[in-house]
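Going down the list, the sequences are from chains V and G. The first sequence begins at 3 in the working numbering and counts up one residue at a time. The second sequence begins at 860 in the working numbering and counts up one residue at a time.
Take these hints with a grain of salt, some might be off.
What follows is a set of in silico ranges between Cβ atoms, one per label pair, in the way DEER data are often shown [said to hold, decoys possible]:
| hint | chain 1 | residue 1 | chain 2 | residue 2 | range |
| --- | --- | --- | --- | --- | --- |
| 1 | V | Glu-244 | G | Phe-997 | 25 to 35 Å |
| 2 | V | Gln-371 | G | Arg-1184 | 16 to 26 Å |
| 3 | V | Asn-22 | G | Arg-1184 | 54 to 64 Å |
| 4 | V | Pro-348 | G | Arg-1127 | 38 to 48 Å |
If the Cβ cut is set under 7 Å, some of the chain G residues that face chain V in the computed set are [stated by the list, open to error]:
| hint | residue |
| --- | --- |
| 5 | Leu-928 |
| 6 | Leu-939 |
| 7 | Ala-942 |
| 8 | Tyr-1104 |
| 9 | Ile-1117 |
| 10 | Thr-1188 |
Okay, derived cross-link-like pairs now, DMTMM-like style, lysine to aspartate or glutamate, Cα gap no bigger than 20 Å in a straight line [to be verified]:
| hint | chain 1 | residue 1 | chain 2 | residue 2 |
| --- | --- | --- | --- | --- |
| 11 | G | Lys-902 | V | Asp-222 |
| 12 | G | Lys-902 | V | Glu-352 |
| 13 | G | Lys-903 | V | Asp-200 |
Just so you know, these hints were derived from the structure itself, not from any lab. Note that CB positions come from ideal geometry on N, CA and C, so glycine has one too.
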Amino acid sequence: MGLEFIEGNEAIARGAMMANCNFFAGYPITPSSSILQYMLSQLPRVGAVAIQAEDEIASIGMCIGAAMAGCKVLTATSGPGISLYSENIGLAVIGETPLVIVNVQRQGPATGAATKGAEGDILFTRWCTSGGLPMIVLSPANVAEAYELTYRAFNLAEQYRVPVFLLTNKEVSVTRESVDLEQVELPPLVDRRRATMDEQYLPYRFEALHDVPEFSAIGDDRITRFTTSSHDEAGYLTSNPEEIQRMIDHYAAKVEDAGDDIALVKQDIESGAEVLMISYGITSRSVAVAAKMMREQNRKVSVLTLQSLYPVPKAAINNALAGIKKVVVPEMNTGQYIQEIERLAPTGVEVIGVNKMDTTLISPNEIIQGGGLL
Amino acid sequence: MNTMIDTYLTDALGPLPFCPGCGHDPLLKALDKALVKLQLDPKKTVIVTDIGCIGLADRYFTTHGFHGLHGRSITYACGLKLARPELTVIVLKGDGGCGIGGTHLLNVARRNIDITLLVANNFNYGMTGGQHSVSTPFSGITATTPMGNVEAAMDLCGTAVAAGASWAYRGTTFDKDLPDRIEEGITQPGFSMLDIWEMCTAYYMPRNQLKKKDLVDIMERSNFTYGLVANNPRPEYGAHYRATYGATAAPEHKQPAIEPKFGNNVNRQTGIVVAGSAGQKIISAAGLMARASMYSGLTVTQKDDYPITVMTGHSISEIIVSPERIDYTAIEVPDYFILISKDGLMKARSRIEQLPSTCTLYAEQSLELPPTRAKVIRLPMIETAKKVNRLSIGVLALAAFVKDAGLFASDAFAEAITVFQKPAIAEINLRALEAGSALIHTNQEVKPCP
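Whole structure, please, built from the sequences with the hints as guidance.
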């Protein structure tokens, strides 16, 4: 590949292709549409299917069907589309469906300042469906990470049989950058664990709560069942409170017990620093400049950049908080992820948000001024 | 040796769970008979159910089962069929599901995806207490139409046929030939649907004193066809998709890799704004210049702004070039501003007014500029472009800027144009590059590639 000049959305699509994605369904919405167009141009070439569905509900519905037929699936939309995906995201959770969902955030609510950037969907993505079960959410800061994290999202979806979100932003997705994707290190590809031959296949059987059931596709040799309803290990409807609770604990444990495995952060910890900046996505790039400006003034500062937002990478955040008196959390929203930081920060640590949602990037100067850093 | 399958129903969960007299019972038994006649491989057959009492059905079959959300069963069925064309996909849906999922019915019919839809149509929502649905007959009594339904019933088959359904049939669970008709539906090569009218003995039947013979009377009163509604075979979507897109798909997407081979004079992050109009190929020209900077060993980002009505109004590109990694991608204070048109001026007026004296503004000479502290260089961009090709004005203006600013070499720009554009377009743009460069009479020495 070598050096190229591409936008984040193309990198997302190419990350998906690298992960052997073989089914895509989506509905046009700026600023995510170029992912749909790229997948439509590329998947038929490898004998796979990409389709523009009649709406977002059909998009994710087709994806869930294809995923349970054994495909590695991707869908992409923007915040308003996630609203329409919502119920089916719950179906993917209860049905244990591997599925990668891209949300290219744009300013909202509703149609908002179509189609400028913002990051107003952080908590929405975490709590995007009924039932309140944990989600896996990754957030890239640049084109190379858009590629890498999409690929990793497929691995996580396969490993844990859950929907995984790539939460990006117009500012990463449609900004073109010089990048060499060959230089991006990718882990080995993960495929869902397939059922071994046994007499009686139970599609939702697991032993430890966090174990992931063995997969057998609809159309494979073992008859399988998939259901939106509370079910037992055989996939049959159950109203037994003990069985229902065990399944709920299982959905939660699959993701929560894997917290350390899922956590992806970048740390720039300065010994003796009492100020810590925590950020994610495009805003982390302004934080990098702000940190440089502070260090040029001989101010000590630590920086923690979150590439995985959920499950909250608690260990990394707690580790970065050691010795810190002030935490600055800049976000292109009214203050969302800061709530997770406030939960973790010890008493006495000042946690300051720098927030705006006016469609423009938060600048390094705004972080320094808003955080009272110089 | 294969043995005959004599039923696809399993009693592992006991008998079918429906109310005494419910039409779902004979409907599912008719489906079973059809499957027995077809002797389909259960491993290659999936029954997809919607929400409602009919949603309880899939687990009573020995095939694969997929029980999804209300109204969305068709979408899962389409995903399954597109992913695995060898599957026989049968959807069981109520009349309620046809309402909430109406668009999926229209679109599967329009696309002609090879699934078979069986509508268990009992005129109301049985699972939630007998509320009215899109198929409740006019004046019918339900929990939500206690004084009689004032809505007209939807002709489900007629609607699907209007949307393009290749095969549609309407009948009742009392029809002796129902298994044959279901078999016929399943064997159709495209989308097929059967709208099967039946009794909800819990709600609709007692509330309306509905009798067996009333079903056909209501069809007649409503002017709905009883029996085969349509049989118009046409190419199936999945087969057509694979034949068409599989054969003519785009080649693997590969951009030429860029090897730095020119030098540059850039020693810090430098912001360049280009403001012009739709149709002036601003984004494309800026992209070529961005690649020129990459040929010159620089890192680059590009952001574009234009109205959603893309063929009118402004078109603005912001390019940042740097010898290092670029973090913050906004340009607060441009180092260079290239103003090509009135649309660009109107959009960027306040920004131009605020340009500092450190900025150089290259402006089309016919534009009336607002007061600015920037160093202004006026150039006959429009007039010169007319002599080359008016669509090449973006490249022409940027060529003048590249030569004057000396950040990197015009040769790098020529390289980007040659490599990334089709020969006919490249030829025009190379002439524009030359014409734009000729507007600048100074000569900046660009450091060679290290």
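Tested hints:
1. Glu-244/V to Phe-997/G: 25 to 35 Å: 48 Å, violated
2. Gln-371/V to Arg-1184/G: 16 to 26 Å: Cβ of Gln-371/V to Cβ of Arg-1184/G: about 24 Å, so the range 16 to 26 Å holds.
3. Asn-22/V to Arg-1184/G: 54 to 64 Å: 30 Å, violated
4. Pro-348/V to Arg-1127/G: 38 to 48 Å: 40 Å, holds
5. Leu-928: Because about 6 Å separates Leu-928/G from the closest Cβ in chain V, which is inside the 7 Å limit, the hint holds.
6. Leu-939: 4 Å, holds
7. Ala-942: Holds, about 4 Å.
8. Tyr-1104: 4 Å, holds
9. Ile-1117: 4 Å, holds
10. Thr-1188: Check passed: Cβ of Thr-1188/G comes within 6 Å of chain V, closer than 7 Å.
11. Lys-902/G to Asp-222/V: 6 Å, holds
12. Lys-902/G to Glu-352/V: Outside the cut-off at roughly 60 Å; violated.
13. Lys-903/G to Asp-200/V: Roughly 19 Å between the alpha carbons, so the hint for Lys-903/G and Asp-200/V holds.
Consistency note: the structure conflicts with the earlier hints numbered 1, 3, 12.
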